[in-house]
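J.: This is what each chain is made of:
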Amino acid sequence: MNFWDKYEMVIGLEVHAQLLTRTKAYSADVNEYGELPNRNVSEVTLGLPGALPLLNARVPELAVRLGLAMNCHIRKYNMFARKNYFYADLPKGYQISQFDTPICYEGFLNIKDAEGNVKRIGIERIHMEEDAGKSIHDQDPWDSLIDLNRAGVPLVEIVSHPDLRTPAEANQYLTEIRKLVRYLDVCDGNMEEGSLRCDANVSIRLRGESRLGTKVEVKNMNSIRNVQRALEYEFERQCTATENGETIYQETRTFDAVSGKTFAMRSKEKAHDYRYFPEPDLPPLVLTDAYIADIRAALPELPDSLFRKYTAQLGIPEYDAYWITEDKYTIAYFEDAIKAGSNYKAISNWLMGPVRSYLNEHGMHIEAFPLSPERLVEIIALIDSGKVSYTAAATSIFPEMVQNIGISALQVAESRNLIQESGADALNEWVIKAMDAYPDKVEEYRNGKKGVMGLFMGEIMKFSGGKADPKAASALLREKLES
Amino acid sequence: MHTTLPSYFSDRNAFLSGGFSCADRVDGFLRRIEETSHLNAFVEVFGDEARQAAAESDARFAAGNPRKLEGMVIGLKDNICYKDHAVTASSHMLEGYVSVFSATVTERLLQEGAIIIGRLNCDEFAMGSSNETSVYGKVLNPIDTTRVPGGSSGGSAAALAAGLAHVTLGSDTGGSIRQPAAFCGLLGLKPTYGRVSRWGLLAYGSSFDQIGPFTHSVQDAALVMEVISGADEKDATASHKPVPAYLDALQQKDVKTIAYLPELMENESIIPAIREAYRNTVEQARSNGYKLTEARFDYFDYLVPTYYVLTTAEASSNLSRYDGIRFGHRTAAEKVDLDGLYRKSRSEGFGWEVKRRIMLGTFVLSSGFYDAYYAKAQKVRRVVTEATDRILEGADVLLLPTTPDTAFEFGANSDDPIKMYLQDIFTVQANVTGHPAISFPRGNDEKGLPLGMQLIGRKFAEGSLLALAGELMN
Chain B
1 MNFWDKYEMV
11 IGLEVHAQLL
21 TRTKAYSADV
31 NEYGELPNRN
41 VSEVTLGLPG
51 ALPLLNARVP
61 ELAVRLGLAM
71 NCHIRKYNMF
81 ARKNYFYADL
91 PKGYQISQFD
101 TPICYEGFLN
111 IKDAEGNVKR
121 IGIERIHMEE
131 DAGKSIHDQD
141 PWDSLIDLNR
151 AGVPLVEIVS
161 HPDLRTPAEA
171 NQYLTEIRKL
181 VRYLDVCDGN
191 MEEGSLRCDA
201 NVSIRLRGES
211 RLGTKVEVKN
221 MNSIRNVQRA
231 LEYEFERQCT
241 ATENGETIYQ
251 ETRTFDAVSG
261 KTFAMRSKEK
271 AHDYRYFPEP
281 DLPPLVLTDA
291 YIADIRAALP
301 ELPDSLFRKY
311 TAQLGIPEYD
321 AYWITEDKYT
331 IAYFEDAIKA
341 GSNYKAISNW
351 LMGPVRSYLN
361 EHGMHIEAFP
371 LSPERLVEII
381 ALIDSGKVSY
391 TAAATSIFPE
401 MVQNIGISAL
411 QVAESRNLIQ
421 ESGADALNEW
431 VIKAMDAYPD
441 KVEEYRNGKK
451 GVMGLFMGEI
461 MKFSGGKADP
471 KAASALLREK
481 LES
Chain H
1 MHTTLPSYFS
11 DRNAFLSGGF
21 SCADRVDGFL
31 RRIEETSHLN
41 AFVEVFGDEA
51 RQAAAESDAR
61 FAAGNPRKLE
71 GMVIGLKDNI
81 CYKDHAVTAS
91 SHMLEGYVSV
101 FSATVTERLL
111 QEGAIIIGRL
121 NCDEFAMGSS
131 NETSVYGKVL
141 NPIDTTRVPG
151 GSSGGSAAAL
161 AAGLAHVTLG
171 SDTGGSIRQP
181 AAFCGLLGLK
191 PTYGRVSRWG
201 LLAYGSSFDQ
211 IGPFTHSVQD
221 AALVMEVISG
231 ADEKDATASH
241 KPVPAYLDAL
251 QQKDVKTIAY
261 LPELMENESI
271 IPAIREAYRN
281 TVEQARSNGY
291 KLTEARFDYF
301 DYLVPTYYVL
311 TTAEASSNLS
321 RYDGIRFGHR
331 TAAEKVDLDG
341 LYRKSRSEGF
351 GWEVKRRIML
361 GTFVLSSGFY
371 DAYYAKAQKV
381 RRVVTEATDR
391 ILEGADVLLL
401 PTTPDTAFEF
411 GANSDDPIKM
421 YLQDIFTVQA
431 NVTGHPAISF
441 PRGNDEKGLP
451 LGMQLIGRKF
461 AEGSLLALAG
471 ELMN
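Keeping their order, the protein sequence lines are chains B and H. Count the first sequence with the numbering used here and you get residues 1 to 483, in order. Count the second sequence with the numbering used here and you get residues 1 to 474, in order.
Hints in this document: simulated from the structure, not taken from any laboratory. Please note that the accuracy of each hint is not assured.
[Claimed, not checked] Incomplete in silico selection of chain H near chain B, CB under 7 Å: (1) 313; (2) 314; (3) 321; (4) 366.
Quick caveat, the model's predicted, so the values are computed rather than measured. Where is the CB? At the ideal position from N, CA and C, for every residue including glycine.
Put together the whole structure using the sequences plus the hints.
T.: This is the structure we're talking about:
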């Protein structure tokens with residue numbers, strides 16, 4: 001049987017995003033991934049006796065920026081709290097976090113559900129905290145190794161309401177968050193390196209039931225795809241257990257990417273009492289209305305809003321608009337291009353076509369694409385004026401301009417002799433020549449076999465050496481065939 | 001006896017005039033430290049460094065460019081960091097631990113020419129009121145060696161009372177400067193919370209801890225406070241309020257009205273000699289022209305419990321970093337897992353009083369108990385602070401005894417932690433509320449033991465406290 005007919009899945013996600021700050025959350029140590037172990041570790045990171053934390057002002061700034069983009073309320077009076085637990089890679093024996101006063105609360109993020117409709121996912125809270133270090137258990141046969149470079153790296157934890165209903169929606173939600181944090185320069189969104197991490201709270205219930213089922217927490221999913229896989233597995237597991245009359249236990253499970261299964265973690269690790277209390281080393285952080293207004297004013301227009309603008313106002317197809325709004329560099333390129341030219345549809349087509357192919361072929365990101373948006377618009381303008389054909393532009397002009405960014409589209413067209421002939425005399429001559437060459441086909445056309453147009457056009461192009469303006473030529477041809 | 005104990009303020013004149021040198025003075029201190037080693041006040045003496053620094057100070061005096069504290073010989077409580085020197089909080093947990101950085105106070109003292117002569121014994125992690133919990137053993141009160149010097153800064157008090165330095169620094173979380181100052185006949189100042197940076201002070205109760213001086217004279221205290229106070233980019237709780245010229249404040253006498261608590265004059269839990277001293281201090285102040293006003297403070301019964309709930313909560317978290325992983329004591333036991341390593345290292349490294357407070361603090365923060373203890377104590381803290389502020393709206397300072405008793409004999413309170421904790425009854429108030437407070441010597445009891453009176457002032461009014469204490473002290 002298909003469990004989805006009988007059961008509903010309820011998912012809430014907790015996403016940790018490492019913030020793109022130059023230094024750590026509470027010390028001047030450099031926040032950088034990939035450094036040799038235990039290099040970025042001052043007395044504060046090491047939790048040496050007598051060391052005190054100092055808040056990096058960029059941390060609340062980025063948290064507020066993200067919160068505003070996720071439509072959250074921003075808290076003005078913020079307390080920090082200590083979350084106490086012992087672990088070998090937690091130097092102080094506590095993390096400086098926030099407990100009952102998260103800096104952002106009650107917002108939402110829009111995703112698309114399976115039918116393509118907009119679905120609003122509630123954001124319960126976003127709070128600031130610091131990362132722990134890394135314990136490495138597989139490098140040395142006897143000892144666990146500790147790398148504290150990551151200890152004290154600033155994080156925000158984004159906690160959703162349990163509004164997600166399918167693993168695919170969870171995937172969508174995470175994809176949107178990753179897009180957003182990258183777009184806002186809040187986080188680099190790299191799940192493999194762990195700068196974006198996700199834990200899931202999952203339960204099932206019979207369709208129509210309003211009470212929540214027993215919640216299971218799933219950890220250790222290091223890609224968006226693995227989150228989806230883990231949730232798919234967990235749904236099957238919980239439904240099967242329920243069908244067999246077994247009990248679902250409230251527990252923490254870990255996902256194993258190799259087997260695609262989740263396993264219960266030792267019960268010891270779930271019975272934490274973190275003994276939160278206000279952090280006495282940091283005074284409360286008070287944000288003013290002006291501070292919040294400044295961050296709001298500096299927010300760029302968000303991808304979600306741009307998507308709506310591109311599709312509704314500029315007439316860009318949804319698929320194209322989705323691809324363009326996928327990252328900030330593509331958005332920036334497109335935005336510059338639509339400032340330089342008004343054929344939005346053509347700009348989008350060029351981005352989705354020749355530009356994307358070029359980037360794929362060269363394994364390049366649009367950030368590094370040599371041709372400026374203004375130059376691309378020049379090419380499009382040349383086509384629109386009828387001076388060159390799309391084919392000539394895409395196959396000759398574009399590649400040369402990418403190689404030689406100083407040269408204009410018109411220069412290339414002229415030097416390669418690609419300027420189309422749309423003069424009536426010349427066209428007339430080529431059209432008559434083509435029709436004369438195939439009188440039988442003229443007859444076929446006139447009997448309704450419109451498909452022979454292509455044959456004539458090919459001939460016209462051949463006679464003109466590719467210089468005939470295809471639009472003008474086909475109009476004239478049709479006129480003559482139908483007269 | 002006090003006249004023979006050198007204060008820096010008077011020595012400085014000799015240094016300037018060439019009467020005697022800093023090197024002479026340091027040699028004298030080092031000799032006395034050796035002669036009084038039975039007091040167990042110092043846990044380490046930096047003899048060679050002190051001699052070297054004294055030579056530099058003498059050169060400065062000779063060249064006519066002495067700094068503010070040039071040649072002031074200072075001892076540091078063993079919970080204040082000094083780069084490349086050991087700091088252990090008198091705990092087995094930190095035996096052999098060397099700090100890689102200096103406390104802000106240490107840095108500032110050195111920059112102004114002070115000479116650091118050594119580390120001073122204290123209660124383990126500053127937890128105690130008798131200096132009996134130190135891993136180095138008890139400190140003797142120089143005035144009566146059968147008695148405690150008070151705690152937790154017992155070594156700092158004993159060293160100064162025995163004339164082993166010009167000034168010593170202690171830390172005060174619930175009276176750890178003022179109570180030993182009273183027991184040893186010294187001036188002891190606990191500054192306003194936030195006046196002095198805590199960077200480099202081994203934390204006990206972070207929202208209570210303040211570093212402050214033990215001195216013989218208010219001038220010395222004023223000088224030291226001018227140097228160690230002020231904003232510090234390394235301590236977010238250090239105030240940005242400008243630091244006044246405390247030495248000038250001594251002349252200003254801006255206190256007009258003194259509040260006192262008549263109920264304490266009748267309180268049987270205070271020994272008669274202290275009640276008598278309280279009465280005659282009030283009388284002297286009145287005859288000196290101050291306006292004395294009667295005040296009421298109804299919260300003494302709540303102070304000690306509130307203090308112990310909040311400080312032990314913070315301590316239980318502050319002391320989590322002593323886990324045997326990166327520094328400090330690690331168990332020699334083999335075949336232990338991570339939990340076992342923590343358990344054994346911490347059980348072996350910490351003494352009983354520290355363990356008691358970690359357990360108490362862990363308990364009051366536990367889920368299910370938080371509201372009943374920690375949250376409630378925080379509310380009491382607010383109420384007590386408001387009540388103290390109200391008293392200080394009607395008066396410039398509040399005068400009260402520092403302790404209910406004079407120095408007690410070793411072991412007198414060891415079997416009863418509650419009795420020991422009640423030693424703090426008059427001192428914890430200023431820590432709970434964050435107000436500045438000073439203990440000044442005011443006579444002796446019938447056994448000849450010194451006793452101390454205390455002034456609590458408005459926040460950041462250290463200058464007023466020093467001026468008035470200077471006038472009313474012995």
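J.: Can you name, in rising order, the numbers of the hints this structure does not satisfy?
T.: none
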